[in-house]
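*Asks:* Let the sequences and hints guide you as you build the complete structure.
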Amino acid sequence: MPYIIQVNGKQHTADVESETPLLWVLRDTLNLKGTKFGCGAAQCGACTVHLGGQATRSCQIPVSVLGASNVTTIEAIGETPVGKRVQQAWLELDVAQCGYCQSGQIMSATALLTKIPNPTDQDINQAMNGNLCRCATYTRIRAAIKRAAELARA
Amino acid sequence: MDGLLAPFRSAGVKSSRRNFLKASLAAGGGLLLTARIHGIAKAAVSGEAGPREIALNAYVRVAPDGSVTVTAKNPECGQGIKVMLPMLIAEELDVSWDKVRIEQAGYDPKYPAQVAGGSQATPVNWLPMRRVGAAGRQMLIQAAATTWGVQASECDTTPGVVRHQASGHTLSYGELAEKAAAVKVPDLEKVPLKDPKTFRIVGQPMRNVDGEKIVTGQPLFGIDVTVPGMLYAVFQKCDVHGGKLVSSNVEAIRKLPGVKAAFEVKGGTDLRGLLDGVAVVADSWWRANRARQQLQITWDEGDITGQNSADFARKAAELAKGAPSSTVRKNGDPAGALAKSAKVVEAAYHYPFLSHIDLEPQNCTASFVNGKVEIWAPTQNPAPGSKLVASTLGIPESAIKINMIRCGGGFGRRLSNDYMVEAAWISKEAGAPVKLVWTREDDMRHDLYRPAGYHFFKGGLDGAGKLIAFTDHFVTFSQDGAVANSANLEPTEFPARLVANLELGTSMMPLRAPTGPLRAPRSNGLGFAFQSFLDELAHASGKDPVAFALDLLGEPRVLPDPPGPRATPGFHTGRMRGVIELAAEKSGWGKTKLPKGTGMGLAYYYSHLGYFAEVVQATMAANGLIQLDKVWIAGDIGSQIINPLNAENQAQGAALDGLGTAIGHGLTIEKGKIVQGNFDTVLPLRMRQSPPVEVHFRVTDFPPTGLGEPALPPSLPALGNAIFAATGQRIRSLPFKDQKLNASA
Ligand code: FES
Ligand code: FES
Chain A
1 MPYIIQVNGK QHTADVESET PLLWVLRDTL NLKGTKFGCG AAQCGACTVH LGGQATRSCQ
61 IPVSVLGASN VTTIEAIGET PVGKRVQQAW LELDVAQCGY CQSGQIMSAT ALLTKIPNPT
121 DQDINQAMNG NLCRCATYTR IRAAIKRAAE LARA
Chain B
1 MDGLLAPFRS AGVKSSRRNF LKASLAAGGG LLLTARIHGI AKAAVSGEAG PREIALNAYV
61 RVAPDGSVTV TAKNPECGQG IKVMLPMLIA EELDVSWDKV RIEQAGYDPK YPAQVAGGSQ
121 ATPVNWLPMR RVGAAGRQML IQAAATTWGV QASECDTTPG VVRHQASGHT LSYGELAEKA
181 AAVKVPDLEK VPLKDPKTFR IVGQPMRNVD GEKIVTGQPL FGIDVTVPGM LYAVFQKCDV
241 HGGKLVSSNV EAIRKLPGVK AAFEVKGGTD LRGLLDGVAV VADSWWRANR ARQQLQITWD
301 EGDITGQNSA DFARKAAELA KGAPSSTVRK NGDPAGALAK SAKVVEAAYH YPFLSHIDLE
361 PQNCTASFVN GKVEIWAPTQ NPAPGSKLVA STLGIPESAI KINMIRCGGG FGRRLSNDYM
421 VEAAWISKEA GAPVKLVWTR EDDMRHDLYR PAGYHFFKGG LDGAGKLIAF TDHFVTFSQD
481 GAVANSANLE PTEFPARLVA NLELGTSMMP LRAPTGPLRA PRSNGLGFAF QSFLDELAHA
541 SGKDPVAFAL DLLGEPRVLP DPPGPRATPG FHTGRMRGVI ELAAEKSGWG KTKLPKGTGM
601 GLAYYYSHLG YFAEVVQATM AANGLIQLDK VWIAGDIGSQ IINPLNAENQ AQGAALDGLG
661 TAIGHGLTIE KGKIVQGNFD TVLPLRMRQS PPVEVHFRVT DFPPTGLGEP ALPPSLPALG
721 NAIFAATGQR IRSLPFKDQK LNASA
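Protein sequence lines, in the order shown, are assigned to chains A and B. Take the first sequence: its position 91, counting from 1, is numbered 91 in the working numbering, and each next residue is one higher. Take the second sequence: its position 131, counting from 1, is numbered 131 in the working numbering, and each next residue is one higher.
No lab work stands behind these hints: they were computed from the structure. One or more hints might be untrue.
Taking lysine-lysine pairs in the DSSO-like style, the calculated list, with each CA pair at most 30 Å apart, reads [unchecked claim]:
#1 B:K340 <-> B:K458
#2 B:K213 <-> A:K146
#3 B:K99 <-> B:K190
#4 A:K115 <-> B:K213
#5 B:K586 <-> B:K630
#6 A:K10 <-> B:K213
#7 B:K184 <-> B:K194
#8 B:K458 <-> B:K737
#9 A:K115 <-> B:K630
#10 A:K84 <-> B:K99
#11 B:K244 <-> B:K673
#12 B:K179 <-> B:K190
#13 A:K84 <-> A:K146
#14 B:K458 <-> B:K213
#15 B:K591 <-> B:K630
#16 A:K146 <-> B:K586
#17 B:K673 <-> B:K315
#18 B:K543 <-> B:K630
#19 B:K737 <-> B:K596
#20 B:K591 <-> B:K466
#21 B:K213 <-> A:K84
#22 B:K630 <-> A:K146
#23 B:K184 <-> B:K260
#24 B:K387 <-> B:K260
*Replies:* If you want it as C-alpha cells, here you go:
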C-alpha cells in the first residue's frame, strides 16, 4: 500500500509492503543510495539515518511505523550546521579508506555532536560503537569528531 | 626495467612483450599519451601458484586549458591507488596537483588492467608511471623549444609551464599540448627522472579523490549502480560449498509479490565459478529476498565426512604425532640439536578460518542483451572475471564489457568473480538487467576463506639462550589433492635461514570449503603462530624479546631467497633490526613502568617486501576482557612514502584490522557449513576497543614498496605477546574471545 513519508524535508510516496525496511525504501524506491546495506541486522550501522533527530538503523524500521516523523539521510545532513562541519572535518582528516561505512559514521557523529557539542572519548565510544568500519579508520573518525567540535567553537 | 622486477625476471619469468608509449591528438584537443608497460606480478597477491605477466596502462591527457586527466586503470578498494598512480605521473610531468583530474577506466580485455593489491601497486608502478610523466614533460619541452627555435636542453619547467631560461619566454602546457602530440616520443627506458629531493607532489599528503562523494552519500559503489529497466536478484546456493541442487519449490516462488522470475541454476564444479542454486528476481531487492525465504530446496551435499572444525583439530593433533608428509625446508640436524639443547620448548598453535567481511556485501549488476553483456562490478580483478563470464555463458570476451566500480572494501575477496558470473547468468536467464546483491549471510557463508592452520613447534636453546634448533610441523589443508589456495608454507618463513638446525614440514587434510587470499595472505596466520612461539622462546631464554630478536637477526645482511617463482629480493636483517629498534624506542620498551595487569608485546614480520615491527600495550580488565591501550608501528617500506596521509591511515587500519581479527574473528565449520553468518558472531573491532596507533617510518635507500598488507601480520602476535606480558598466560589459539582468559593471573 502507499505510504506517505517525510524524507529530507520532502514528502514522498512509497507503494510498498508495510514490513519493507526504511533502508530499502530509501535505496530502491526513493533512489537515495547514500544509506548503505551492510548486515540487515542492526549490527553494522552502515544504514544509519536520523529519525526525528535520533541516529537510527534504517534496516530495522518498517516503513509503516514512520508516520509523520522526519527522516534525514546522508544526502541532506550537510544542510544542518553540525552535519556540514562533520563532513568538512571528515574531508580535512581524509578519514575514508573504502568509504562504505562513512555515511553511517557521519550520521552517528552528527547525532552525537548535536546532543553533546564537546564529546569526551567515552561519549564517542558510546555513540559510535554501533558503526563498524571494516577498514578500521577509527583513529581518524575519533579525531574528525573532535575536529568538528573544534570547528563549532571557532 | 625496474630494479624490483628484476628478481622476478631472473627467476626465469620474462616479460615477452614490448613496452610502448604513443602520443596522439586527444579528442577535444590537446595531447593524449597512451602507455603500456609490461611487467611481472608476483604471485603473493593473487594467491596464484606463480607470477604472471601484467600490463600497466596509463592514459594521460593534457587539455588546451592546461588540465591533466589521468585515467586510473586500477580498481579502487580503499588502498588509495586511485590517487597514488596519478601522483607519480603528475610529479614527473610537472603539473600542479589541483590541475589533475582522475578518471576511472573500464576494463578492456585487450589491455588487462593490473589487479588491486595495495602492496603490489607501489613497487610495480613506481618507475613505470614516473617514466610516463617524464616522457610527457620532455615532449612538451620539445614542442616549446621548436616553437622558439631553441634547444630543448635550454628549457626547463615549472608546474604546468615550459620556460626558456635565457630569454624568459614561457608557454603553458595547455598551449603546447597539441603541438606536443606531434613530437617523437622518447624512449621510456632512457627518459631521465627527477631527483626525489625535488619532488613537489610525491611525499605530500593527498586526499582521497572520491572524498566529497563519500561524505555526501553520492552513488559510488557497486551496490549503488542503477541501469534502466533493472530488476533485483538474490541467489540461494548450497551452504555446503559445491553442493548440488536436487529439487526446489521454485514454481511457488514465482507467484510471490513482486517476483518477476525465479529459476534453478545448474552450475559447474569450480567453486569460484557459477554453482548450483536458485535465483529469485523481483522488482525490488527486499521483495526478492523476502520471496527467497519461502524457498525449499533439496540439496545433494556430497561427502561431508570430517568437514567439522572439531574433527580438523583432532586430526591435526593426530597427524602431528607422525612425521610431516612433506618437507618444506631442512637445515642441519634438528633432531640431534633438540636432543642436545639445554632447554626445549614445545607448543601447538592454531588459527581459524576467516571470511573477508567486506562491508559492502558482494554484488554485481549485469545486462545481457542479444548475446552481449555489460557488467558493473566492484571487482579487484576483472580479467579472470571476463574469462569466467565468457566460458560460462558461451560468449566471446569481445561481447563483454566490464565497468569497474569502487569497492566497499576488498581485502582479497574481490579477486574472485563468482558474483560477476552469477549476475551475468541471471540477467541472461531473466531477460532483463539485474542487480544481484548478496546478504551478509551469503557473503560470510560463500567466501574464499583464509584457511585455518595448525602448527606444532619445537625450539631448542643452548646454555647461553641461543636458538639452535627450530621445527614446525604445519598441518594445513588440501583441495582436490593439491595444497589449498593460500594454505602453503614457504621455505623462507622466518626464522628460516637464521637457525642452523631447522625443519619446516607440512601435512594436509582435505577441505571442501574454498580458500583464497585475504589481506597479507598466509602471513596473516603464519605471523601469529611463528611470532608468538618466538616470543615464548625469548622468554625461555631469559632474554628480553627485543634483545632476543636482535641476536637472532645478527649482523645486517641480505639473506637471499632460493630461486623460484616466489623469489623476492631477499630478507634484509638490517632493515628488520631497524624497525624493531624504532618500535622499541617509540614505545618506551623496557623503560616504561607499567601497572600490574598491563603488558607490552613485540612482534615483527616481513611480507610483501615491507618490514614491520609493532608493539602493542594491553591490559587485562577485571572482567577478563582485553583492553587495547596503545599500538606503535614501525615500518620500512623504502626511500619514499608516496602519500603520507594515506600511508598513516593504511598502516593504522591494517594493525587495527589484525587486532580485531585476533580478538573477535573466527569461523567454524560444521557438517561442511560455515556456522557464523553475521556480525553478532563475527566481531570486527569497534570504536570502543580501538586504541591510539602511532605510525613511524624508517626511510631507507631501498625502492618504495606498499604497506596495505605488511603492516597487518605483526599486530596479532604483538597482542598475544602483550597478554603474556600482562598476565603470564600464553594464548595459542585464535580468536582470543573464545579463549578463557584469567584476569586474576
Ligand atoms: S545494515 Fe542496518 S545495521 Fe547493518
Ligand atoms: S572506510 Fe571502509 S568500511 Fe569504513
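*Asks:* Taking each numbered hint in turn, which are not upheld by the structure, reported in ascending numerical order?
*Replies:* Hints 14 and 23 are the ones this structure does not satisfy, whereas the remaining hints hold.
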